[in-house]
Structure formats: structure tokens, C-alpha cells
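Peer 1: These protein sequence lines map, in sequence, to chains A and B.
The first sequence begins at -10 in the working numbering and counts up by one.
The second sequence begins at 93 in the working numbering and counts up by one.
Worth flagging that the hints you see were computed from the coordinates, not collected in a lab.
Remember, predicted model here, so these are calculated numbers, not experimental data.
Backbone N, C-alpha and C fix where the C-beta goes; we use that ideal spot for every residue, glycine too.
There may be inaccurate statements among the hints.
No more than 27 Å apart at the CA atoms, straight line, and that leaves these computed lysine-lysine pairs for DSSO-like [stated by the list, open to error]:
#1 K340(B) with K230(A)
#2 K38(A) with K230(A)
#3 K299(B) with K96(B)
#4 K230(A) with K130(A)
#5 K130(A) with K38(A)
#6 K340(B) with K130(A)
Computed footprint of chain B on chain A; a stretch qualifies when at least three of its residues, placed anywhere within it, have a C-beta under 8 Å from a C-beta of chain B [to be verified]:
#7 45 to 59
#8 65 to 76
#9 100 to 109
#10 223 to 237
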Amino acid sequence: MTTTDTTAPRTVSRAEYCVIACAEAWRDNGEVLASPMGLIPSFGARLAKRTFSPDLLLTDGEAMLVGLDGTAEGWLPYRRHLTMVTGGRRHVMMGASQIDRFGNQNISCIGDWERPARQLLGVRGAPVNTLNNPVSYWVPKHSKRVFVERVDMVSGVGYDRAEAAGVTRFHRLPRVVSDLGVFDFAGPGHVMRLASLHPGVTVEDVLAATGFEPAITGEVPFTREPTAGELRLIREVIDPKGLRDREVRV
Amino acid sequence: MTDKSMTPDEVVGQLHSGMTIGIGGWGSRRKPMALVRALLRSGITDLTVISYGGPDVGLLAAAGRIRRLVAPFATLDSIPLEPHFRAARERAAFTLTEYDEAMFMWGLHAAANRLPFLPVRAGLGSDVMRVNPELRTVTSPYDDGEELVAVPALRMDAALVHLNRADCLGNAQYLGPDPYFDDLFCEAADAAYVSCEQLVETAELAKAGPPQSLLVSRHSVTGVVETPNGAHFTSCVPDYDRDEAFQKLYAATPWDEFSARFLSGAGEHDYQLAVRTWHEEQQ
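Here chain A stands alone, though its shape is the one from the complex (with noise of 0.2 Å):
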């Protein structure tokens, strides 16, 4: 993934490689809903459609679809939004307060399941994610509390949960994105696998920092850089107050 781009500036934030990163989780998507949980990921879900994704589809966060400037072109609310999902059209990138090497998420509680030790959000629309439309992570803090061994609750369901159940029929994650890489489930067996670092990051650095072992394949290449248009694009026009510094601080 990477390439050389001798017009960026060589002062590329660690913030700014992962809105890339998670932009290019929707390239090639086509016109699909591009749902991002998260600053950095509704970030790069802009990016991707000002440059290589211009088809994708984006919400105001409420119930209308958008254009980049906030131009209507779509009802969405909650019911046709599960529509959505159920249909396919969609792309979602969802956080995790945990995620296993198979890729099952938890975001509903950590701890025993009947008397938490905290509660969080409850499944939300993991589990019906994961089944029907590409399901994409973005974890802002890589660390071993994130990624365990095993999570506690499995809400968006894992490759080896998928094929257990027999419901891999429109199972895919693509990728998981955190501050310190990129990962996909290319790995044997559809294990995790560091599929790039952010410059900057080594190999021993994801391992200090992650509870199971992913898989690694010949030599890591490093997340791509931005072309100068997208560095001033995400500085410029879609973050120009800077908040992505503020969800990674590197």
C-alpha cells in the first residue's frame, strides 16, 4: 500500500494516515451507504467521496441522505435504514470496545453478560450488520483491552462465528482499522492480519499493544501517504479546525 508521493509534505500526521486508512476501506464500493461511527471514520468516508468513491452515499447523521454540502437527496430514517442494511447497500465502519482475532466485536458490556462488570451500549445493529452488509472497525486506541483474546459479548459476529452458525451467505469484514494499523482477516483461517502500519508504528509496537497474536505475512508495508490534494483536503475543507488530532494523539 504504499506509494511515494513526493509533493506531500513529509509532516503527515499519525491522525491524518488513519482518515486515509479509513477511507480507503470504501474505495471501489460503488453506490452504497457509507456509514461512519466515529470522527476519523466519517472523515475518510468525505475523502473517499471528494476523490476516488464519488458514488457513495452519506447521511447528516439524522434521517436524510446528503450530498457534501448538506444538499437533501434522500430520506433515511431509522426503518428504511435497517432497509439498508438488510439490502445490503451499505458499508458500515463501527467501533469496538473489543475484537477478537476472528473479528467478533463487543459493544454491549464487559464482563459476565447477567451482571456486568460495565455495561456499555447494548448489541445496537451489530449482529444484523454483520450478516447482511460489509462491516468495517476503527478502534482510535490500539491496545490489548481492545483486542483480546476472546470478547465477553459477541455482537457484531466473527469470521468463525459466521461459518459455525452457517450464516456467511453476506458476511464480510473488510478491514479494522486502529491508530497503530491496518488489518484485514486474510490471515489462515480468516485470521486477523496486519495488512499495513502507519508510519511510524513497528511490528513489536501492534504486538506489545494487541492480546492475540495476528497474523503477519513477509515484510509489512506501510499505510499509504495522502497526495498532497487529500492532505489539503482533510486539513482544508473536511476537518480544517483539526478534531482528528484530538481522537489520535501521536
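Assemble the complex: chain A is given as a structure, and chain B must be docked to it using the hints.
Peer 2: Same frame as chain A, now just chain B:
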């Protein structure tokens, strides 16, 4: 034709402990909070609550009124985690039936259509199946032979919803961008109570919005209540946005203190007055 207008306390007078109550809205949006507050003033308890959960769930859980909750989440939206729901879960204060959002919706559709269940491609492979061992699956009778979850109908004794406008017959209108699932809640319940910002003449409804804004029809409504600012502190756009400052206060204040100051009055009017006074103090 039947005039169905009543007061919040009259609505609660028709409910009793042990009932299954559906609550409309979504998260911290257009929740029938005045009716929830009336519930809190009553002695009604031991409830099964069905909700896309927000502060309705938090308030009832904090007050110990919930025996069982059926929900895919509970959130305050701008504050992601509902603190009173969290606290109640962490002390195992009620039984939870944790469904996925789509499973929940199809459970409402099944109930509204008098079906025992509807099949969904959701839940399988997730721990929703583990924590709800009573859930059953069905196999498609067609060539695909796919196994799907049979979501049981979420039939309820009573539904509580809040909309922008209504007439005294029970026709109700939403003027914001999202209907949520309020019509389904009303159709899925044996009795449905609609609170509204403003009770108007029937002819005024068609003037306020397009035909499709007439979300709830009178045949599915038992009672109508005019409760201005009745969704407070959740949003009820376009009439008002969420009261973020007050929501922060709700989330940060110990329950006893919050309850004593805002919920101990004799009626909704006392609550609204207490909120106004608090806002004036913040100036």
C-alpha cells in the same frame, strides 16, 4: 366520534403493575417523557418495558420500576452511555432481553400484524442467541433453505408515544424527519396513549404537514394527552431540540438528588416549573 383526550395521570390510571409497556421514540429523541414522569409519580412497578432505550429506561430503572427490559440499547445520544441504565444493569436490578435493532423492529411488525413471529437474518452467530435461549429459528421452506431467527411478536399491554400534533380523536402527526417506530408501537399494543405538543382541530393536521406526516391513526389509539414540552429533555423537532444542559445534569446528578428536585412534585406542571427555575439559576 369519541373524544379521547385525557391527562397524564388519567393515562396512568388505566395502567397497573406487572404490565408490558412499549415506549416509542429512539434513544434520547421524542420520548413520551411526561407520561413516563406520570408513571414515576404512580405506584406502578414490576413492568416489562419494550423500548429503543433512552432516558425513559434510565428513569424507570433508577426508580426500580422495571422487572424486565426488552431493548437493543439504551443511550442518551450526545452522551453515549445511559448512566442509570448502566448502574441498574451492573447491580442486576432487572432481567434483560437484549435484541438486535432489526430483530426488535421485526418483533414490532409481527405484533402489529398479529403474527406469532417474523423471520430475520440477524442474531445468528452472535451472543444474542446465547443470552436469549428461548429464541427459536426457522428454516426457509423455499429452495435456499436458509436458517433464520424467528423473532417473537413484541405484543404489549400498552404503548406510550409522543408526537408533535394530534387531534382529540387520536390521529397524530410527526413534523420532524424521523417517524421512529411510533405507529408500530401503537398497533402492537392492546391500548395506546399518544401525548403531543399541541392538541389541534382535525383540519389543522393537514395544514401542518404532508399526508405522510399523519403517522398514527385513531383506530390504534386509546387516549390522547396534550403535554407541551412533554418530551423534555429529549428532542421533539421541529418544536424543540434536546435540552443538552439539562441532560448533562440528569446524567451527572445522583438519582435521589435529581428525583427530589425534579420529580417529587404533584404533576407535570411542577416538573416543568422546576426545570425553568434550574435554567434561570444557570444564567
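Peer 1: Quick one, are K299(B) and K96(B) close enough, alpha carbons at most 27 Å?
Peer 2: 22 Å, holds
Peer 1: Taking 27 Å as the top limit, are the C-alpha atoms of K340(B) and K230(A) close enough?
Peer 2: 25 Å, holds
Peer 1: Would the pair K38(A) and K230(A) pass a check requiring their Cα atoms to be no farther apart than 27 Å?
Peer 2: With a Cα-Cα distance of about 20 Å, the restraint between K38(A) and K230(A) holds, given a limit of 27 Å.
Peer 1: Would the pair K340(B) and K130(A) pass a check requiring their Cα atoms to be no farther apart than 27 Å?
Peer 2: 26 Å, holds
Peer 1: Check whether the Cα positions of K230(A) and K130(A) lie no farther apart than 27 Å.
Peer 2: The hint holds at about 21 Å.
Peer 1: Three residues minimum, CB to CB under 8 Å: does the region 45 to 59 of chain A make the cut for coverage by chain B? Let me know.
Peer 2: holds (count 3)
Peer 1: Would the pair K130(A) and K38(A) pass a check requiring their Cα atoms to be no farther apart than 27 Å?
Peer 2: At roughly 26 Å apart (the allowed maximum being 27 Å), K38(A) and K130(A) satisfy the hint.
Peer 1: Taking 8 Å as the Cβ threshold, is the statement that the region 100 to 109 of chain A is covered by chain B upheld or broken by the three-residue rule?
Peer 2: It holds, with 8 qualifying residues against the three required.
Peer 1: Tell me whether the statement that chain B covers the region 65 to 76 of chain A is true, taking a Cβ distance below 8 Å and needing three residues at minimum.
Peer 2: Check passed, 6 qualifying residues.
Peer 1: How about the region 223 to 237 of chain A: do at least three of its residues have a C-beta closer than 8 Å to a C-beta of chain B?
Peer 2: violated (count 0)
In this structure, the one hint that does not hold is number 10.
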